[in-house]
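**Student:** One-letter residues, chain by chain:
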Amino acid sequence: MKNIHKLIVILALLVSGNAYALLEIEITQGVESAMPVAITPVAGDIPIEAILLESVVFADLHRSGYFSIIDKKKYPQQSVKLDQVDYPKWRNVGIEALLTMTATAAGEGKVRVQFELYNLVRKNRVLGHSVTTNKNQLRKVAHKISDLVFEKLTGIKGAFSTRIAYISEAGSKNGKQYQLQIADADGYSPRTIFSSSKQLLSPAWAPDGRRLAYVSFENDRTEIFVQDLTTGKRSKISSEPGINSAPAWSPDSASIALTLSSGGDPDVYILDVESRKLRKLTNNSGIDTEPAWSPDGRFVYFTSNRSGAPQIYRVSFGGGSPKRMTFKGNYNAAPAVSADGKYLAMVHRNDGGYCIGLFDMERNSFRLLTDGTLDEAPSFAPNGSMIIYSTRHNNSTVLSVISSDGRVRQRLSLQKEKVREPSWSPFRR
Amino acid sequence: MIIRQISVIFFLSLLLVAAGCSSNKTKSETGDGIEDGAPIDAGADSYSSSGLDESGSVILDPLDDLASDLFVRTIYFDYDSANIREDSLLIVREHGKYLSSSPERLVRLEGHADERGTREYNLALGEERAKSVREVLLLEGTREVQVEIVSFGEERPAVDGTDATALQLNRRVEIVY
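These protein sequence lines map, in sequence, to chains F and G. Letter by letter, the first sequence follows residues 45 to 473 of our numbering. Letter by letter, the second sequence follows residues 23 to 199 of our numbering.
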């Protein structure tokens, strides 16, 4: 917080001229204890692609919260030929890792990208690859480089090549359009996969990353649909009387936890995907909703107001009496579980409004990650390093990503539309 | 929405009244009715007093009485609460009595929440609110088949805005006949 600096990187339009490609990245919090890393200017003969490559990798690594990308003015070398690193000079400025990249034209709209990663402490090259790709695949290559660098330097699998699903809302009060969209994890390349004049809600990824479940009001009531992302085919999986909402796939894909109120009040049920049989998981006269699975599939976390106000509980997959997980504050809802099963992210109300809170279940400690007035829908990156959520900004709703340690926050400004209900995809299989 | 429906009903009622008047007139012009054969004014056309033709009568629907509790179709709620407030209870009861005495009438209770809190929780909260209203209706003798419930959570606010007034106006159940 002390070292607040603001970096605005506007790029993109340089590259393709596509309107949607205009993205503003805003990094609002500084990093003090993160690993200092250098990224030298991308060399080569195609400056536009070079800028794109560098910007995407820079933004990815910075957003993760694990790295502090050091100002180029401090670099003792502005370009580094293969294995020509002047290690003593780099160590003098306190930089621990160095990433160099080149982008050269390879004919027929293709680009050859080469990158090297050096460990400046151990004084060796730790990573190096070259890849030839179509220009329109350059972002994917950049995210892949970020993934490899991240994994090499942290030991944690990178999640920059993953995607996000979310709901966008456009139009005026009289003619609204709701869209279920999928974009790259940095908010770029949005594609609409379903569009409706009625509200959409709660997109949830299947563990294989190839299907999405979501809630649609297309028939003026809640129903749950599953859409195959390859074929676009939709199927209605739940249309019970009352509420049909909050779908969440089990880690083994065999079940979907969801909220139904056909039994009299909103409770969490387990739908067996194969047999379509329903099993009531929670039983309480108040509200039980927003199920989220533990990564091992043994538990389901959910929101319940059985104590008088919404709190997060946990119940065994087989049923039984739920255990209350949250005690701090009088509004904790929408649990999301980290991939290691150790953390719960949630919506927490405090004096200022609705924020994203993080509960460390092993240490039994809670901390606020955000300070918004209406932050909602936290969703972990599949490697647990970041959390995406929706937040109010300039009278609209945008998506933000915060590192799980709370140090770095970045707004993803998808253009114009209000966007909300983000859901981070699993790793690609 | 409701206002528009009401005004449509009101307008139709006016048409009915107008139709009723003209049909009465037609009938008296054709001399159909109770005529005692004693013209009031010899200079006037065949004007006569007549009885009410019941087939053309106007039945006023109590739902269209602007002064009636039944005209209040939106019930407001406190934050994160599905309890019906004391002042709203009388109104809901009136609807229950009316529905009980008009078993052919159907009603849809649309539950809503303000934008605060999570969307899924608010979906559930909207339904809890609608259920609270239904409970009172049933206590007054309304049959279950007359009542349909739907929750829109925070998805369909009555008004845009984030101030206390807007939030209050959005925490509601709409009684839709």
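Be careful, since some hints might not be right.
Said to hold, decoys possible - DEER-style ranges, computed between Cβ atoms: (1) G/105 - F/285: 20 to 26 Å; (2) F/409 - G/127: 32 to 38 Å; (3) F/280 - G/94: 25 to 31 Å; (4) G/94 - F/368: 38 to 44 Å.
Quick caveat, the hints were computed from the structure, so don't treat them as lab data. Where a beta carbon is used, it is the ideal one built from N, C-alpha and C, also for glycine.
**Student:** Now look at each hint and say whether the structure bears it out.
**Tutor:** Hints versus structure:
| no. | hint | in the structure |
| --- | --- | --- |
| 1 | G/105 - F/285: 20 to 26 Å | holds (24 Å) |
| 2 | F/409 - G/127: 32 to 38 Å | violated (56 Å) |
| 3 | F/280 - G/94: 25 to 31 Å | violated (37 Å) |
| 4 | G/94 - F/368: 38 to 44 Å | holds (39 Å) |
Consistency note: the structure conflicts with the earlier hints numbered 2 and 3.
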